[in-house]
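**Q** All chains, please: the whole structure from these sequences, using the hints.
Position 58, counted from 1, in the sequence shown is what UniProt numbering calls 58; the numbers after and before it change by one each time, with no gaps.
Label pairs and their in silico Cβ distance ranges: (1) His150 - Thr77: 11 to 21 Å; (2) Val40 - Pro185: 38 to 48 Å; (3) Thr77 - Gln157: 17 to 27 Å; (4) Phe100 - Asp37: 11 to 21 Å; (5) Val149 - Asp22: 38 to 48 Å; (6) Ser179 - Ala106: 40 to 50 Å; (7) Asp131 - Asp37: 50 to 60 Å; (8) Arg15 - His150: 29 to 39 Å; (9) Thr125 - Leu167: 16 to 26 Å; (10) Thr47 - Asp131: 45 to 55 Å; (11) Ser202 - Glu123: 34 to 44 Å.
If you are wondering where the hints come from, they were derived from the structure by calculation, not from laboratory data. For clarity, every value in this text was computed on a predicted model and none was experimentally measured. Glycine residues also receive a C-beta, built at the ideal position from the N, C-alpha and C atoms.
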Amino acid sequence: MTTTTDTEQDRDMARIAQEYGDTLIALAARAIAYGLDHGVAMAVDPTAYPPLLAEPGAVFVTLKKKGQLRGCIGSSTAFRPLVQDIADNAFSAAFRDTRFLPMTRAEMADMEISLSLLSPSREMTFHGERDLLTQLRPQIDGLIIDDGVHRALFLPQVWEQLPTPNLFLSHLKAKAGMSEDDLPPDTRAWRFSAHGISGNTSIADRE
1 MTTTTDTEQD RDMARIAQEY GDTLIALAAR AIAYGLDHGV AMAVDPTAYP PLLAEPGAVF
61 VTLKKKGQLR GCIGSSTAFR PLVQDIADNA FSAAFRDTRF LPMTRAEMAD MEISLSLLSP
121 SREMTFHGER DLLTQLRPQI DGLIIDDGVH RALFLPQVWE QLPTPNLFLS HLKAKAGMSE
181 DDLPPDTRAW RFSAHGISGN TSIADRE
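**A** Structure, rendered in structure tokens:
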């Protein structure tokens with residue numbers, strides 16, 4: 001049996017972002033429109049897409065209106081076909097992000113859509129918070145931390161707002177609900193990369 005390595009999966013995500021970006025942005029836009037019409041997530045037939053898009057994939061969908069965040073929901077691990085993950089998370093970002101009211105039809109016009117295609121996460125080996133900080137790669141690493149009670153994730157794009165490892169980790173701890181003290185000794189951490197695709201809801205009209 002042939003197995004797929006993490007490196008191969010990462011290369012696949014890069015290829016998908018380059019070759020199928022418009023297709024996937026259009027899919028996300030259609031999923032939002034379907035949610036407006038039917039109030040539920042849109043089922044997707046993976047066999048209707050190229051095989052690479054039917055493979056399991058993990059995606060975060062970020063929605064913005066005039067540059068302001070309007071919703072962000074995603075999957076940290078790949079457990080269903082990539083195209084279904086995009087459709088479900090686009091629906092959830094538009095209608096189930098509890099920080100915002102459900103999206104209206106008027107809001108959907110020219111809504112900015114960003115997809116972050118996640119590489120497989122890799123668990124990090126570190127000895128204390130200081131060691132973890134030295135291993136972080138600004139502008140590259142997404143990060144998941146988990147102390148057994150609290151868990152949180154930052155996408156690599158968060159480095160744009162929090163450009164140093166200290167800021168990045170301290171805000172991630174706050175997001176998780178952890179204390180400002182050093183990480184507990186049993187804390188686990190995983191890093192991942194992401195390949196981005198951007199567009200807007202108007203692309204659905206051209207598909």
